[in-house]
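S.K.: Residue numbers (our numbering), protein chains in the order written: chain F, 1 to 849; chain V, 1 to 101.
Accuracy of the hints is not assured; some may be wrong.
[Claimed, not checked] What follows is a list of derived Cβ distance ranges for each label pair:
no., chain 1, residue 1, chain 2, residue 2, range
1, F, D634, V, N42, 30 to 40 Å
2, V, E46, F, R183, 26 to 36 Å
3, V, R43, F, D508, 15 to 25 Å
4, V, E17, F, Q405, 34 to 44 Å
5, V, D24, F, E311, 41 to 51 Å
6, V, R43, F, L57, 47 to 57 Å
Honestly, the hints are just simulated from the structure, not real lab data. Where a beta carbon is used, it is the ideal one built from N, C-alpha and C, also for glycine.
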Amino acid sequence: MNLEASERRIRDLLNQQSWRKARDEAKELCKIDRGRYLPLLIGANVGLAREMLGKKLVSEARQVIAYLKTLAPRNVWEELEAEAAMKSGDYSAAAAGALRVLDQSNAAAAPLHRTADQLVLAFQTPSSSASAAAAQAAAIQEALEAICTEEYERAAELIRPIPRDSAFRHWKQFLKGMTAFHRGDGERAARFLLDLPEDSVPGRAALPYLHWLGKADGRVRFEALPDHCREFLAALAGAAAHSRFLVRAEQLWMDGRPHEMYKLVRNGLENFPSESLDWAGTLADFCLNCLFILPPDEHGEYADFFYGLMEGHPTRSAQETKMLLRVLCLACALQPDSMFLQINWEKFLALRARIDGANPRIDSQAYEWLGMILAGMQPSPSPGFMPPKSLPRMPDAKGAVRAFQKSIEADPDNLEAQLSLAYVLGRLKRNGERNRLLDSLARRFPENKHVLFLAADRCVARKAYAKGLALLARALEQDRLDPTIPEAIVIARYLQAFQLFQRGRCADARQALDAAEALAADRSDDFMRSRWSILLRRGVLERLYGDGTCVRQDLAQARAAAPSLEAYLLTGHIVWRRYQSAGSGPDPFAAEFRQVCLSRAHAAGAVLLLRILDFWKGRAHAPSLDVASGLVRDYLKAAARQKCTREEALDLIARIPPGSAHAAAARTFIQAMLDKDGRDPLFRLHDFRYRDDPYQPVRSRRKKLNAIMKEAVRRKEDQVIQAVRHELDKLDQLPPPPPFDSPFDEFEDEEFEPQGDGVSGIMKEIASTLDPIRMRNLAEMQEMLRNASEQEIRRLRKTFPKEIPLDVFDMLLDAARDHGPDTDPRPDGQPKPRRPSKRNTAQKEFFDL
Amino acid sequence: MNPFLVLGVQRGAGDAEIRRAYLDAVKQAPPESDPERFASLNRAYEAIKDEKSRIRHALFGQDCPGNSPLDALVRHGRLQGPPRPPAFEAMKHFLRKCGER
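So that you can see chain F by itself, here it is in the shape it has in the complex (with noise of 0.2 Å):
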């Protein structure tokens, strides 16, 4: 037998807490050698009788411990037996075990510590004994005492003996953190608390404290605190009487179980659900408003168990089935159910009015809430596509127009209410009512901006100028500052001369163009109130309805006054084809624009001409811009053969979003900065951004980005890095891309493998089972292809053999560019410009539809 392996092994075990068989083979041991292998025997019984008490196992440690009185000195068995006497609730016995303990000086530290925690918490001091344990444990006990009935002072005078180096510190630190917890100095309350070690029993009692304070960082979870400090902060939060239930509350809670939950705390309190202000109307909160909280799947199966708890059963009070209804009601404003929503929550109103007194204002509000949810106008959490800038889905609008006339009937000043009864009244098209509305609000609420605005906004749209301006004169006197207001009045003016031109009266029209130029805007980029454009618009109505006296001069002043020569005609051609009628002739802006301009073009003026044609979008007035947009069209392709730099094809591109009508435009001034510098990130990524195909697999594109931010991370670009970071993580978060119906569908099998990246590597795949002679004439029709002109392209695909589709051909192309200059840059840095794939901007155009 190797002797040392054998000890090496009990050792081994003893680490690991193996007690039993540690104790069997030291046994064994200590009949070859007892002086020698003694300790590990004793080790080994000393550990099953600490796991035994534990679990306690008191009499089964007892007969452990009887053993040990055979083997071990009195020090070891003593401090166990006093344990074992504690475990059993002999606490005099405990007391006294652990005082013999505590005055034997030769004791280790760890020991002495629990044996002191045995003796404080026997709360019994043998009266015969005069050692200084017993003092100081009997201190200890008097100044728990004294904390528990608040004296302070004397638990500090008790405690203060007790030396720094005692057993009983650990206890004297945390009485000192319990005074200071209750007398409300959480600071130093935490700073005491936090110091004890975290397996001594003040340690273990300091959890509750510290979770109150909020300072339980790195110590055991609220969650994962046992049920004794549980129930000891139900005692420090005043429900001490309560804390029972309490705790099993929070156990169904943590096990998921809410509606369980609410059914013991509903049989556990009498005066469930209260609104009172103490712990009880908290926990009624809690158990109402937790529905708000809880996980989707969850929150249904809490819903309907309140709606059977109304339904099916009694409920407990008028009050219950008032907070329930409530909860209810909110909980479906997520998703409207129409009905539902109108029938529980006036049950709801009925039963407020009842148990709380009638109060209008209250269902005023109520009842403005039920319409904004019936009519929508609350944003809806629902997942859902949802297309940018429409309007959003009205559940019932036939029913939010009768709860907010119910909402003004309660409460006749509800002017939020009246607003949006407006709002739905315009979106149900019953304009005649909507406009009496606004204008019986413009009476009642003389002083409101913001109704006087939309007052005069919809007078203007009926042609009512007179009225519409004296009520916006109204609203400007109410806030000079707002640049909204001084628009508006120049709007209604420019409209209210085309009507007078219209109608012969000239006079009185440039008398509208005259109050309209009193409020022209001093900048020149401003295309509405600026000077030359109102000069603009007075020219080419008197040229088009007037005399014709001033047209001259008037444009001549227009042009002089605006920004570019560009801007001034692009300007003219949109404002002509506003106000032109039937017999105006041929409009003079555009024509000159293309004779004039197109020679002259340069970055910097696109900029401005796109800020124009994005003025113009969406205007409510604003004539048919096609022409414009192909005016500005020719103009950008006329600047892109221009040289610009840097900034200035920035923020041309900036103005151009992928995908818009100008975005090839876009991609000539990318491709031109490319040419002078083909590594540039910024234009890489750019570049990557116009032509990004969604059909191109997810790992090259990846690829391209991969390949931009590294190169913007050698050049410090941290724009670029955080630009290119966020298109990777949509890369990430894309969905997988609509199926493809490709040819190659016989290789979706699962031996079948790509061996490279999308398109390439299926051509690989192919390659590798082609004889040599059509392995090369493959790689000699890739080669062609990737040399190969779009005319060339173009030529190829028409004439390519019939028996081969058309899908293989693009495919091909696809594989040839794969090797094409984004992912394998030429060595002078220079890329090969890119063509676009003929399949791919079919794909795309067919993705746009």
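Start from chain F and add chain V according to the hints.
M.R.: Below, chain V without anything else, positioned relative to chain F:
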């Protein structure tokens, strides 16, 4: 948490009383020394500062006072100031439970 509890006012309190309670509380917890409490006081005041807000809170309030029933009670208790110590017998029972490994 219930704004009435945060500000320490009764449900029937008027605008002036609520404002006074808010200002007193802010004096005791200025933003530079206790930003968290200050933020919660602000939120509470905004929720009940006038009749309209109070009606809105009563009708549409969805705030859950805690993450669990006990957490709600503890948060409620924190607003009441330092808690009173438990009875000595309850303390003894609790400490003995802590002594059980």
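S.K.: For each hint, tell me whether it holds in the structure or not.
M.R.: Hint check results:
1. At about 57 Å, the beta-carbon gap between D634(F) and N42(V) misses the expected band of 30 to 40 Å.
2. At roughly 32 Å, the beta carbons of E46(V) and R183(F) sit within the given window of 26 to 36 Å.
3. Take R43(V) and D508(F): their Cβ atoms lie about 56 Å apart, and the range 15 to 25 Å is violated.
4. A C-beta distance of roughly 35 Å is found between E17(V) and Q405(F), which places it inside the suggested range of 34 to 44 Å.
5. A beta carbon spacing of about 46 Å between D24(V) and E311(F) agrees with the range 41 to 51 Å that was offered as a hint.
6. Checked against the hint of 47 to 57 Å, the C-beta distance between R43(V) and L57(F) comes to roughly 53 Å, which is consistent with it.
The earlier numbered hints that this structure contradicts are 1 and 3.
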